[in-house]
Amino acid sequence: EAGVAQSPRYKIIEKRQSVAFWCNPISGHATLYWYQQILGQGPKLLIQFQNNGVVDDSQLPKDRFSAERLKGVDSTLKIQPAKLEDSAVYLCASSSNQGSSGYTFGSGTRLTVV
Amino acid sequence: GENVEQHPSTLSVQEGDSAVIKCTYSDSASNYFPWYKQELGKRPQLIIDIRSNVGEKKDQRIAVTLNKTAKHFSLHITETQPEDSAVYFCAASSGNNRLAFGKGNQVVVIP
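Residue numbers (the working numbering), protein chains in the order written: chain A, 1 to 114; chain B, 1001 to 1111.
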């Protein structure tokens, strides 16, 4: 099966600019996650979708971050405006069911804010 | 929410020796514990997982043990090889399929 696709792979922007990341999960996976991985740390959950509904966005900085999964398949994560501390790898993951199981991660988007 | 901690942060082992990484978790309701391996610049990849109804699981040179009473679980890698060098993350989930990750352990296998 095809993996989780993410684009772009790399992005460099200036602070206060906007940026968007795209994710296409594994076909049929109902649950989609966005994680932020700062260098030297473990992934931190930003938002979890079940189909096109948000299950958990408690750690999403909603003043600048937004995410959507309108048709329950692809998802976009947006940052507006970006700050220096947003520099990180943004990982998308998907899983097949609501019960506990391993995720499949995408390759991530490495964001550098200068 | 769940808080997962890993120790040690860096582990160096001679090729052929064993490596053990320990994690603790805070939420007694957690029932799923995966381990991920992340090589430099690559995505985290699931290498082994364990559920709360078993105490140990083994897959070739990799094993995971779980102590629910003490709320800790460990990754054991035997006969380490240079390709085992990577960052290893433990995680825990309480059934909502939401994984909380530790900060990671850098394992260095010295040839």
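Keep in mind that a hint or two might mislead.
[Unchecked claim] To spell it out: a stretch of chain B is covered by chain A in this simulated footprint if at least three of its residues, at any positions, have a beta carbon under 8 Å from a beta carbon of chain A; those stretches are: (1) 1069 to 1083; (2) 1097 to 1111.
[What the hints assert, rightly or not] Chain A is nowhere near these chain B residues, computed Cβ spacing over 10 Å in every case: (3) Q1014; (4) E1015; (5) D1017.
Keep in mind that the hints were calculated from the coordinates and are not lab data. All C-beta atoms, glycine included, are put in the ideal place defined by N, C-alpha and C.
Item to check | Hints the structure fails to honour | outcome: 1
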